[in-house]
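Keeping their order, the protein sequence lines are chains Z and L. Sequential numbering of the first sequence, starting at 1, is according to the UniProt record's numbering. Sequential numbering of the second sequence, starting at 1, is according to the UniProt record's numbering.
Incorrect hints may have been included.
The list that follows gives simulated cross-link-like pairs (lysine to aspartate or glutamate, DMTMM-like), each with its CA atoms no further than 25 Å apart [as the list claims (entries may be wrong)]:
#1 K414/Z <-> D178/L
#2 K312/L <-> E158/Z
#3 K13/L <-> E71/Z
#4 K264/Z <-> D97/L
#5 K414/Z <-> E273/L
#6 K193/Z <-> D216/Z
#7 K153/Z <-> D121/Z
#8 K414/L <-> E70/Z
#9 K264/Z <-> E270/L
#10 K15/L <-> D346/Z
#11 K283/L <-> D248/L
#12 K153/L <-> E70/Z
#13 K414/Z <-> D256/L
#14 K189/L <-> D349/Z
#15 K16/L <-> E84/L
#16 K153/L <-> D132/L
#17 K153/Z <-> D116/Z
#18 K283/L <-> E260/L
#19 K264/Z <-> E59/L
#20 K193/Z <-> E218/Z
#21 K154/L <-> D382/Z
#22 K146/Z <-> D190/L
Which bits of chain Z does chain L cover? Going by a derived footprint, with three or more residues having C-beta under 8 Å, they are [stated by the list, open to error]:
#23 37-43
#24 108-122
#25 335-349
#26 385-392
Calculated from the structure, these hints are not laboratory results. Built from N, CA and C at the ideal position, the CB exists for glycine as well.
Number of protein chains: 2
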Amino acid sequence: MQFFDLDRTDVSKIKKALAGNDEHLKVVLEEYHASEIAILFESINQQDRQRIVNLLPVEIASEVISEMHEEAHPEELLLKLHPEKRAEIVEELDYDDATDIISQLEEHEQKEILSDLSEDDASNIRELLRYDEDSAGGLMNTQFIKVNVNLMKKDAIEEIIRQSEEIEEFYTVFVVDDHNIFRGIVSLKDIIKSKTNVKITELVRPDVVWVHTDTDQEEVARLISQYNITSIPVVDQDMHLLGRVTFDDVIDVLEDENTEDILKISGVSEDEELSGNWIDAVKSRLPWLVINLATAFLASAVVRFFEPTLAKIAVLSAYMTIIAGMGGNAATQALAVTVRRISLYDLTDQQSYRTVLKEFTVGLINGAATGLIVLVFALFFDSNPMLGLVIFLAMTGNLIIAGITGAGIPLLLKRVGIDPAIASSIIITTFTDVFGFFLLLGLASKLLL
Amino acid sequence: MQFFDLDRTDVSKIKKALAGNDEHLKVVLEEYHASEIAILFESINQQDRQRIVNLLPVEIASEVISEMHEEAHPEELLLKLHPEKRAEIVEELDYDDATDIISQLEEHEQKEILSDLSEDDASNIRELLRYDEDSAGGLMNTQFIKVNVNLMKKDAIEEIIRQSEEIEEFYTVFVVDDHNIFRGIVSLKDIIKSKTNVKITELVRPDVVWVHTDTDQEEVARLISQYNITSIPVVDQDMHLLGRVTFDDVIDVLEDENTEDILKISGVSEDEELSGNWIDAVKSRLPWLVINLATAFLASAVVRFFEPTLAKIAVLSAYMTIIAGMGGNAATQALAVTVRRISLYDLTDQQSYRTVLKEFTVGLINGAATGLIVLVFALFFDSNPMLGLVIFLAMTGNLIIAGITGAGIPLLLKRVGIDPAIASSIIITTFTDVFGFFLLLGLASKLLL
């Protein structure tokens with residue numbers, strides 16, 4: 001009995017075989033699952049990828065290509081292949097996977113690929129290319145099992161077996177009426193368990209969730225995750241059944257959405273490719289840094305305003321970095337917790353209000369606690385109790401601001417319909433920098449001069 | 001035909017009904033899916049929750065409780081219920097869900113709940129409680145469909161139907177030999193399609209992935225996501241089949257892991273509850289702020305070292321905040337991209353090296369670009385070309401450091417087996433603060449005095 005090796009590092013065996021002849025490489029490849037070869041593709045060049053795809057049976061080759069990460073650019077690999085081989089592979093792909101890959105290409109390249117396909121396949125893919133890739137229509141697969149609600153058990157089973165010849169995996173049997181209007185789902189289990197002379201209409205479960213082609217992919221993911229279903233039907237405005245989105249697409253969507261969240265909150269454009277080159281990275285990050293620079297000038301204007309004070313008490317510069325640094329980090333903490341909470345739950349107005357109140361309290365306590373440490377430090381090193389008091393007050397005040405803005409700004413953005421993760425650390429730290437300097441230097445001017 | 005209402009805000013209807021009598025409330029509740037009631041539970045008090053659970057049929061009540069977010073503390077609700085009602089609900093739960101909830105309780109409370117259950121259920125749950133909750137054993141469900149490899153098709157179908165009486169959903173039929181050794185899977189589709197006189201051994205697919213009870217949940221999630229499977233078998237060291245983990249558990253794991261990543265990278269303890277109270281938040285965040293304070297003292301020591309310079313050129317204070325702020329944000333950008341990349345891909349040594357090189361280049365270019373802006377600003381406002389040059393060099397140098405540490409530190413941590421997300425913005429910004437001040441003030445001392 002052969003099980004797959006769970007140690008992915010073992011693809012080194014293929015890497016070694018790449019140095020040898022095709023015969024040997026082919027034998028080595030047989031030991032691997034398509035998704036493992038897809039992972040290997042991330043670390044080898046385009047020429048080696050082509051060589052491997054050409055050696056693989058077409059079913060495996062198409063699976064490898066559909067398993068490749070978007071960032072490994074399967075569409076570029078596809079373009080390099082011989083048109084005949086390419087058409088074979090695309091015809092083997094599920095329509096939704098083929099569409100995802102082809103949609104990444106220029107229009108003339110898309111046309112070229114589609115022209116080599118059978119009329120049926122080409123028109124199906126052309127149809128799917130019309131949908132927004134972040135919608136249910138863009139995610140859905142148009143191959144699924146459906147039976148007419150009026151069929152008898154025996155005929156339904158025959159129909160399912162007939163349709164399943166073309167569909168590798170199915171999790172749910174969809175039920176439609178004579179006009180392809182969606183009527184519900186039926187489980188294979190219920191069909192088998194039922195008596196012989198039963199009709200599908202008696203077995204169908206109508207109380208299921210469904211989505212429209214333009215439903216956002218995040219909503220699709222939320223529904224599949226909330227209702228623990230393996231696939232969700234996609235219908236048009238008149239309830240005609242058009243396709244299904246399966247749980248594995250949703251896992252990919254969740255990973256993508258989470259990448260976007262973590263990037264946005266850190267001031268990186270959501271569409272920066274993780275493994276992109278430095279040019280992409282500069283394009284994605286420089287605009288945010290320029291925004292940050294503008295906000296930093298704001299903070300430094302506050303510092304300039306108090307230049308006379310700083311000239312007299314130079315040690316304040318040393319405390320400025322502490323107050324600003326602590327405020328920025330406390331704000332980032334409140335921001336991360338709040339953004340994540342918004343993305344997992346729907347908060348009521350009362351819950352939003354309580355969240356801000358909670359972060360106010362957290363800021364007050366954490367500010368007073370760390371302010372006290374700095375106060376003690378100031379007493380020992382600068383022997384100046386009044387300076388200590390100024391720092392204590394500035395720290396407490398700034399961490400309160402950090403809590404209120406870190407929680408309040410993403411909640412406000414959510415309420416006005418803007419993605420809360422856009423309230424990145426860059427935006428939030430502006431408040432703590434400006435307010436922190438203003439508090440520290442303002443109090444110092446009043447109390448120390 | 002009735003479909004569920006997709007608009008979750010509509011649970012307000014239940015909220016209104018809570019003001020009325022039980023009869024009316026019961027009728028209103030019938031319109032809702034268990035997972036919708038679970039969401040409602042997040043915004044009502046414990047007393048109302050109990051009232052609703054007591055009104056619901058036991059199958060729905062148990063589903064509601066299993067769908068409740070961990071943070072809504074279903075275990076506390078369970079404790080408050082009448083022991084008889086509670087036992088009914090727990091017996092209706094899947095073993096893995098029951099275990100998840102009960103594991104959150106104190107040992108004497110666990111014993112109390114288990115003592116009311118049937119011997120069979122209690123011992124199954126007790127068995128599952130032994131596994132680490134972040135392992136495959138902790139995630140797995142011990143209820144699944146399995147058939148002996150030697151059965152004939154007809155007997156296998158009968159067996160599957162018999163076992164499926166107790167199991168609401170199954171996606172895969174597992175195959176074992178006479179000693180419960182795992183032999184592979186068989187799809188219901190293949191059984192139905194096969195000829196009448198076929199044996200399971202001819203239909204079984206042995207080439208499947210499996211996990212051990214102690215496999216980490218992240219690895220389980222990765223495998224299910226990589227191989228697009230609805231459930232993965234869990235075996236002991238001798239390959240005895242013990243349970244299965246299903247895709248819906250994995251969706252929850254992914255959400256949890258992503259929450260942990262975003263919290264850790266922002267300097268929040270990974271186990272802070274998103275909807276916890278201020279006491280939890282202070283406990284989770286204050287230690288990180290104290291660490292940050294220690295690193296801030298380090299940065300401020302650099303400032304103190306250059307106090308004579310600052311006393312002479314007070315305007316440097318204003319530029320300090322710009323250099324430090326920009327360095328911190330650029331480092332956070334590089335950190336976010338790298339941490340996310342590590343968590344989605346396995347990077348080879350060469351790829352890691354290239355990542356750091358890429359971030360060096362990005363830092364150089366973004367540093368020079370933003371440094372140039374500040375240089376022009378310094379020329380206009382401070383009429384001091386030499387000061388402009390100092391700032392330009394400090395900005396470029398600090399953004400290079402930001403890139404190298406933001407990418408290099410998480411990669412180093414990964415290599416020595418530490419979670420890379422622990423390289424939070426708090427740790428990374430220490431480098432940019434210290435180095436940024438050192439560069440700015442050091443260069444100023446050399447070139448401006």
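Status of each hint after checking the structure:
| no. | hint | result |
| --- | --- | --- |
| 1 | K414/Z <-> D178/L | 58 Å, violated |
| 2 | K312/L <-> E158/Z | 91 Å, violated |
| 3 | K13/L <-> E71/Z | 46 Å, violated |
| 4 | K264/Z <-> D97/L | 34 Å, violated |
| 5 | K414/Z <-> E273/L | 21 Å, holds |
| 6 | K193/Z <-> D216/Z | 37 Å, violated |
| 7 | K153/Z <-> D121/Z | 31 Å, violated |
| 8 | K414/L <-> E70/Z | 24 Å, holds |
| 9 | K264/Z <-> E270/L | 20 Å, holds |
| 10 | K15/L <-> D346/Z | 16 Å, holds |
| 11 | K283/L <-> D248/L | 32 Å, violated |
| 12 | K153/L <-> E70/Z | 42 Å, violated |
| 13 | K414/Z <-> D256/L | 22 Å, holds |
| 14 | K189/L <-> D349/Z | 49 Å, violated |
| 15 | K16/L <-> E84/L | 29 Å, violated |
| 16 | K153/L <-> D132/L | 38 Å, violated |
| 17 | K153/Z <-> D116/Z | 40 Å, violated |
| 18 | K283/L <-> E260/L | 16 Å, holds |
| 19 | K264/Z <-> E59/L | 42 Å, violated |
| 20 | K193/Z <-> E218/Z | 36 Å, violated |
| 21 | K154/L <-> D382/Z | 88 Å, violated |
| 22 | K146/Z <-> D190/L | 18 Å, holds |
| 23 | 37-43 | holds (count 3) |
| 24 | 108-122 | violated (count 0) |
| 25 | 335-349 | holds (count 10) |
| 26 | 385-392 | violated (count 0) |
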